[in-house]
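Peer 1: So you can see what is in the structure, the chains are spelled out below.
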Amino acid sequence: MEKLSKYSKYIKPVIFLILVVLMWQAALKLGHYKEYLYPSPGSVLKSLSEGFADGTFARGIAMSLKRILIGFGFSIVVGTLLGFLIGRVKLLEETVGFLVLGLQALPSICWLPIAILWFGLSERAVIFVVIMGALLSITIATTDGVKNIAPVYLRAAKTMGAKGWRLYLDVLAPAALPAIISGSKLGWSFAWRSLMAGELLFITGGGLGFLLQSGREMNDMSRVMAVMAVIIIIGLVVDRAVFAPLETKIRRRWGLA
Amino acid sequence: MLSDEKITKSLNLKKELCSCPLVNTNEALKSLESGQVLEVITDHPPAAKELIPRFCEFQHCPVSVVEDAGLWRILIKKEMGPSLPETTELRLELKDISKGFTSTDSKLDVLRGLNIAVRPGEFICLVGPSGCGKSTLLNLIAGLETPESGDICVDGRPIKGPGSDRVVIFQERALFPWLNVLKNVEFGLKIKRVDKKERRERARDLLRMVHLSRFENSYIHELSGGMKQRVALARALAMEPKILLMDEPFTALDAQTRHLLHLELQEIWLATGKTIIFVTHNVREAVSLADRVIIMSARPARIKKEYQIDLTRPRRDGDRVVSQVTEQIMTELKSEIDKVAREELYGEA
Ligand SMILES: Nc1ncnc2c1ncn2[C@@H]1O[C@H](COP(=O)(O)OP(=O)(O)OP(=O)(O)O)[C@@H](O)[C@H]1O
Ligand SMILES: [Mg+2]
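Residue numbers (my numbering), protein chains in the order written: chain D, 1 to 257; chain S, 258 to 606.
Treat the hints as calculated values from the structure; they're not laboratory data.
Among the clues, some could well be false.
[Said to hold, decoys possible] Once the Cα atoms are required to be at most 30 Å apart in a straight line, the calculated DSS-like pairs of lysine-lysine come out as:
#1 S:Lys-561 / S:Lys-417
#2 D:Lys-147 / S:Lys-352
#3 D:Lys-158 / S:Lys-352
#4 D:Lys-163 / S:Lys-561
Computed from a predicted structure; not experimentally measured.
With these hints in hand, go ahead and build the complete structure from the sequences.
Peer 2: Pasting the structure below:
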């Protein structure tokens, strides 16, 4: 019963998806669509299984995940530190903080030309774009979190003798954690989008974006759609299975939900 | 050794009759003269083995405990030895304290020329109209704010910033939700670099004292309001402060829980000998807890009046004298509250 109710919220979306696929199949049957432009669900599924069977998808996924882990990991570390500094130092808030807010308005893929000029057609250029996607939103969220820490936590810590780095490590950091997690969740989705855009535009070695591009070049529409499905699924799974439960759990414990 | 024939007074503290053994023992001892003997009968092991003996040691009274079939017989000799003179030393002294807050365009005078002197072990309740500066005063004593002028001395020495000899229990929720109950209580000890084994032991002792042993692994959001304030109390006591500063700690609780915590707080007060400054809006609460109730005036606040409360504890709500004193203080306070209301509604200074 417990299990059932946990999954019951997925029943309606799944039925709906099945209906969409059936309608897609039916539309192809009724109309006169060119198969190479409008592949059937069956052929997409076939491409999907072929892609996984011959290892190309696995290699693509591994490559993309490696890039995003480097870029996203860097963004979390640097973004959190930067966010703390901006949140605690008035001068930095008025200078760097202002700049960060401004740059956030720029879609991160716009950094690609600069990245290519600086780093050449290299791995580093793509990772740079990923960082520009995630870093700023994590920084901004951390700053907000730090500034909104209930003052009573600080006062309580101070009456118990906490100061200096202990105050940061034992009170400020955990108190700002919910905001940092929310920022990272947002940062992840920006990073994933940036990475795909980067891999699409910047054609060298592997990644899911590259598979998408090569599918187009081979006029293999069902391959293109299969890769799109993989991209959606990875983005969703990380968001739903990693960040969402973490966020819910932490917000509940911190008494915010 | 204390012997039977000298017993002057006998006290029955069987569980169903009494939830606050120290309060009752203390009252009974007060009524004795030096050299007389108090007999206490109890079926409550912690009271017999820990609380009452520790309390007696604290009061420098000789004590003997005899167990007989789940019942303890405790003999206490009241002694006014040279170790317990009427001290003239003060635990806390506020001398001519003034404090204001400046915003961009105006200055708010909160405290002006405030003097308070507190003896060691005294239980003081502060009452006053909302916004008169009670929390500000506690923050000053805690060292979280600095006064514009005047001195704050603890045991004769002026304070410099926060110190673990004065700990605040806040009005709002100030427990750390990212730590469990045990770790919250250990927090201050960890900052003090007390080693792990010792701080765990001390935290567990304190949790036992506030009856929360079973919840040491719970997180704060899993506790009721009363339990949270008990944890806050244990966390503050862990610092072994001389002075406990309590800012409306029980305001958010229902009447029954509050009553229970009043009894517990009085027990802890007697068991530890802390000096307590307790801020409240609730005059009834003040009268049932305090040795002395201090009424603060409307802003800029001074001491308007003080009441020494020498009634026997635990004080009952329905008690005639308690109600009388409460009534008196309320009248006094009401004139100040009216002043604030007039100012807020009609802008009269
Ligand atoms: N940090 C601050 N900056 C500016 N004004 C302050 C600050 N802290 C307190 N005040 C002002 O000082 C006055 C006294 O505040 P305080 O919190 O001490 O009152 P209180 O007596 O504790 O009130 P309550 O009974 O409502 O808790 C209030 O008018 C408040 O607005
Ligand atoms: Mg207050």
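Peer 1: All hints, please: hold or fail.
Peer 2: Comparing the hints with the structure gives:
no.	hint	in the structure
1	S:Lys-561 / S:Lys-417	28 Å, holds
2	D:Lys-147 / S:Lys-352	35 Å, violated
3	D:Lys-158 / S:Lys-352	24 Å, holds
4	D:Lys-163 / S:Lys-561	37 Å, violated
When each numbered hint is compared with the structure, violations occur for hints 2, 4.
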